[in-house]
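Respectively, the protein sequence lines represent chains A and B. Each residue of the first sequence is one higher than the one before, counting from 1 in my numbering. Each residue of the second sequence is one higher than the one before, counting from 1 in my numbering.
No lab work stands behind these hints: they were computed from the structure. Ideal placement from N, C-alpha and C gives every residue a C-beta, glycine not left out. It is possible that some hints are incorrect.
[Stated by the list, open to error] Quick list of the computed label-pair ranges, beta carbon to beta carbon:
(1) A:P430 - B:L54: 54 to 60 Å
(2) B:D76 - A:G365: 51 to 57 Å
(3) B:R81 - A:P430: 27 to 33 Å
(4) B:A99 - A:P430: 48 to 54 Å
[Said to hold, decoys possible] Residues from chain A that face chain B, not an exhaustive set, calculated with beta carbons under 8 Å:
(5) T215
(6) S360
(7) M429
(8) G431
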Amino acid sequence: MNRRTTFFSPGFFLLCLFLLFSYSGKALADYDYINISDPFHRKVPIAVTVPASLSDDAETGLLAEQAADILGRSLAFTGYFNLIDKRAFLDAPGEQGITAREVNFGNWRDVGAHLLVTGGVRLEGRVLQMEFRLFDPFRQELVFGKRYTGEASDLRRMVLRFCDEMIYRMTGDWGVFNTRIAFVSETESGKAVYISDFDGENVRRITPADDIALTPAWCPDGQRIAYTSYAADKPDIYIRYADSGENELFSNFEGLNITPAWKPDGSGLAATLSFEGDEEIYLLTPDGNVDKRLTNSWGVDVSPGFSPDGKKMAFVSGRAGSPQVYILNLETMRTRRLTFEGRYNTQPEWSPRGDRIAYSSMSDGQSDIYVINADGSGLRRLTRDSGRNESPSWSPDGNLIVFSSTRDGGSDIYVMNALGGEQRKLIDMPGNQSLPDWSPVTGQ
Amino acid sequence: MKKSISFGLLLVLVMSLTMFASCAKRPPEPEDYPPDEQPMDIRTGERAEIEAELERQRRIAEEELEGFRDRDLTPDEEAARVAKEMDREAFLESTVYFAFDNSSLTTEARETLLRQARWLKENGDATVIIEGHCDNRGTEEYNLALGSRRAQSVKDFLVNAGVEPSRIVTISYGEERPAVQGDNEEAWAKNRRAEFRLR
Numbered sequence: 001m002n003r004r005t006t007f008f009s010p011g012f013f014l015l016c017l018f019l020l021f022s023y024s025g026k027a028l029a030d031y032d033y034i035n036i037s038d039p040f041h042r043k044v045p046i047a048v049t050v051p052a053s054l055s056d057d058a059e060t061g062l063l064a065e066q067a068a069d070i071l072g073r074s075l076a077f078t079g080y081f082n083l084i085d086k087r088a089f090l091d092a093p094g095e096q097g098i099t100a101r102e103v104n105f106g107n108w109r110d111v112g113a114h115l116l117v118t119g120g121v122r123l124e125g126r127v128l129q130m131e132f133r134l135f136d137p138f139r140q141e142l143v144f145g146k147r148y149t150g151e152a153s154d155l156r157r158m159v160l161r162f163c164d165e166m167i168y169r170m171t172g173d174w175g176v177f178n179t180r181i182a183f184v185s186e187t188e189s190g191k192a193v194y195i196s197d198f199d200g201e202n203v204r205r206i207t208p209a210d211d212i213a214l215t216p217a218w219c220p221d222g223q224r225i226a227y228t229s230y231a232a233d234k235p236d237i238y239i240r241y242a243d244s245g246e247n248e249l250f251s252n253f254e255g256l257n258i259t260p261a262w263k264p265d266g267s268g269l270a271a272t273l274s275f276e277g278d279e280e281i282y283l284l285t286p287d288g289n290v291d292k293r294l295t296n297s298w299g300v301d302v303s304p305g306f307s308p309d310g311k312k313m314a315f316v317s318g319r320a321g322s323p324q325v326y327i328l329n330l331e332t333m334r335t336r337r338l339t340f341e342g343r344y345n346t347q348p349e350w351s352p353r354g355d356r357i358a359y360s361s362m363s364d365g366q367s368d369i370y371v372i373n374a375d376g377s378g379l380r381r382l383t384r385d386s387g388r389n390e391s392p393s394w395s396p397d398g399n400l401i402v403f404s405s406t407r408d409g410g411s412d413i414y415v416m417n418a419l420g421g422e423q424r425k426l427i428d429m430p431g432n433q434s435l436p437d438w439s440p441v442t443g444q
Numbered sequence: 001m002k003k004s005i006s007f008g009l010l011l012v013l014v015m016s017l018t019m020f021a022s023c024a025k026r027p028p029e030p031e032d033y034p035p036d037e038q039p040m041d042i043r044t045g046e047r048a049e050i051e052a053e054l055e056r057q058r059r060i061a062e063e064e065l066e067g068f069r070d071r072d073l074t075p076d077e078e079a080a081r082v083a084k085e086m087d088r089e090a091f092l093e094s095t096v097y098f099a100f101d102n103s104s105l106t107t108e109a110r111e112t113l114l115r116q117a118r119w120l121k122e123n124g125d126a127t128v129i130i131e132g133h134c135d136n137r138g139t140e141e142y143n144l145a146l147g148s149r150r151a152q153s154v155k156d157f158l159v160n161a162g163v164e165p166s167r168i169v170t171i172s173y174g175e176e177r178p179a180v181q182g183d184n185e186e187a188w189a190k191n192r193r194a195e196f197r198l199r
């Protein structure tokens, strides 16, 4: 399928993967290590070992170290796992054997590992083969194992495929390893849209450096990004293919063309336009024509965001005198106000499960990220005393939130778990970064 | 009197220019040059020199013409021209300021806009671009819309004051183009504004 080839790209690359071992056929429930709906879930202690070198040259050893590093960092990124310090390990499966028969489960239980990953790396010419096995030292059995074949340059992608598979088996949802983050960064002469991998790696600019580009929004296809640009000296909406760079003008009505948001099925976008003299939200067809007007109140209506089922739309309106979040039921066309705490609530983002909405709230020059249930109950504050925390965007599994923060001086891109824990800087680059948007899962 | 002097000066200039030009056009006779020199080279060099001189003369002539036209204005007309230019400058330099998260026009803003409307009515061929701007507090998206609302308030006022809506274009820059840098009340107040440009 095209979609996968363009995402995984480099030309002739072919990732063959097949089930290595007949997987024991146990139901997911048997391995209920992670319950993501439990807000107090304990992190699972996991031992990630350096894969065995199955071909005998120095480069294989380096690749094995690299694989273990990516594997450990990626699993830790999810917030589900606690990596056990390598120095505590009693065994080195890379040397002593990586299969169920060879692993000494008792020694792994002794260091507190609830899970163990072993691996093997083989390099023959340009062909890289890697296998990984996930063990449960307490049950003394293999959970699953996979072998991947590709080129040496595909190493990171192979490791992430294993991580993805692992999260899927343990949570029932595909993880974030196949996702990307779009954001805006200052350049020397303007602002541009950039994209990075889920973990802030592989940052690259995708719009011209000397333009002002704002509010990137991933299409549900994971390929296209809608954004506002001043390329024609006024704010218009463009759509750009993240990988090919192909760019098209989407809407350039007189006045504002801002804050595009895709319908969950990709069949159109909502955006704020002002060609009728007032800032209202309109539904636009895929070719940029007005389908219908969705809001009708004097003053600002901006920042639409659809519920995952496409039946509701959150947005920001100044109709009550200060910006607040509202929800429009697209079936009944009735609007209700969602936020009542605070005088400046903007940037609503519906969670992938549809039950909650994240937004930013400003008071006394500080902004913080809040999460509220879609029915207005259960308000929870996720950031505090750390400058301006704005523009929340959920990971597609609903486990993480990416946002911008000025806690370190300038504005940078941060990530935290959906409960506000483990806040860390995701991207370190010059200038101010803002307006992150997490892509959907691609390529599964 | 002044007028006739400068006219005479111009005449002399134009005449000498014509004479000079006709001299230059006549090709020099080959036998005028000693045999060991290359007539072609000399001719080329000479022509360049002549053309440079012609160009210089032409420039002088044009400057004189320009000066001549200006002196054609009466002192009253000259004063009117300067005043008109100053009005235009004043129009472009006028800025309307707003309160935080607000797009309504203050009394001061209305006074400024009455002057702006007057200028636009006196200059019926001008098309104005109103830029709406915000301070850097608040979020980018909402500020884009707020900047639009501010520009729109200004436009509405001008239209009510009798300016044709077709001569007014609004554009919002949100918080993207601050007038001054800074994270304090003084800077914020200067950045919450509408500016005027002519198309």
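Evaluated hints:
Taking 54 to 60 Å as the suggested C-beta distance range, the pair A:P430 and B:L54 conforms, at roughly 55 Å. About 55 Å separates the C-beta atoms of B:D76 and A:G365, a value consistent with the hinted range of 51 to 57 Å. Look at B:R81 against A:P430: about 50 Å separates their beta carbons, and that is not inside 27 to 33 Å. The supplied range of 48 to 54 Å is broken by B:A99 and A:P430, whose beta-carbon atoms lie about 35 Å from each other.
Interface restraint check for A:T215: the shortest CB-CB distance to chain B comes to about 6 Å, inside 8 Å, so the restraint holds. With 8 Å as the threshold, the beta carbon of A:S360 comes within range of chain B, its nearest partner Cβ sitting at about 6 Å, so the hint holds. The interface hint given for A:M429 is broken, as the beta carbon of that residue sits about 19 Å from the closest beta carbon of chain B, more than 8 Å. For A:G431, the interface hint is violated, the least distance from its beta-carbon to any beta-carbon of chain B being 14 Å, above 8 Å.
Of the hints listed earlier, those the structure fails to meet are numbers 3, 4, 7, 8, in rising order.
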